[in-house]
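Kindly generate the complete structure, drawing on both the sequences and the hints.
In order, the protein sequence lines correspond to chains A and B. Numbering of the first sequence is given in the numbering used here, commencing with residue 1 and proceeding in unit increments. Numbering of the second sequence is given in the numbering used here, commencing with residue 1 and proceeding in unit increments.
If you're looking for bench data, these hints aren't it; they were derived computationally from the structure. The structure displayed is predicted, hence computed values, not measured ones. Don't be surprised by glycine CBs; every beta carbon is placed ideally from N, CA and C.
Taking beta-carbon pairs under 10 Å as the criterion, some of the chain A residues facing chain B (in silico):
(1) Val4
(2) Gln6
(3) Tyr31
(4) Leu43
(5) Leu45
(6) Asp56
(7) Phe105
(8) Glu108
(9) Arg111
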Amino acid sequence: DAGVIQSPRHEVTEMGQEVTLRCKPISGHDYLFWYRQTMMRGLELLIYFNNNVPIDDSGMPEDRFSAKMPNASFSTLKIQPSEPRDSAVYFCASRPRQGVTGELFFGEGSRLTVL
Amino acid sequence: TQLLEQSPQFLSIQEGENLTVYCNSSSVFSSLQWYRQEPGEGPVLLVTVVTGGEVKKLKRLTFQFGDARKDSSLHITAAQPGDTGLYLCADNSLNTGNQFYFGTGTSLTVIP
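In structure tokens form, the structure reads like this:
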């Protein structure tokens, strides 16, 4: 298996622009998580899905952030409009259904810089 | 939200030295995981501990889960440059509804 695949790896954009980050989880995994990592705040959970359904989005910073999972093999995290304080590394992770080891498998991350 | 505090935040040591990093929680874990993250990569699971007092070894790494299941430690013997990275503990507790919260992390640098 190729693991969790994220794109783009790097994105530089200007304040006010729309940003879309993409994630392909490991096939057969039921859970998908979006995290944001910064030096100041560490690894923050934004939202997670179970079987393509959003379960908890309480970590989403504000209405500028939205996430979708239209099918089991694809998810997006969108920021519109982007702001400099959104600069961070965004990680997608997936895991098998409950009852297995519970290990999270992370992608390599998308580094976002908003100027 | 369960708060996971890790200490120290930063650690820089010489190759061959021993070190211990800590993870403390504001409430009881059902189980706890340790991950290591190398620069430019996502975190990778090292171990899961479940039972209070449990000790697990992974080569030169020793993981201990506190008796009360509110704290954990990671001890590295004879550190090597390849151990350099960010060490994260994570709450794998089903009580949190699968949210999987991570600690603040310990950034370790092992100097050759």
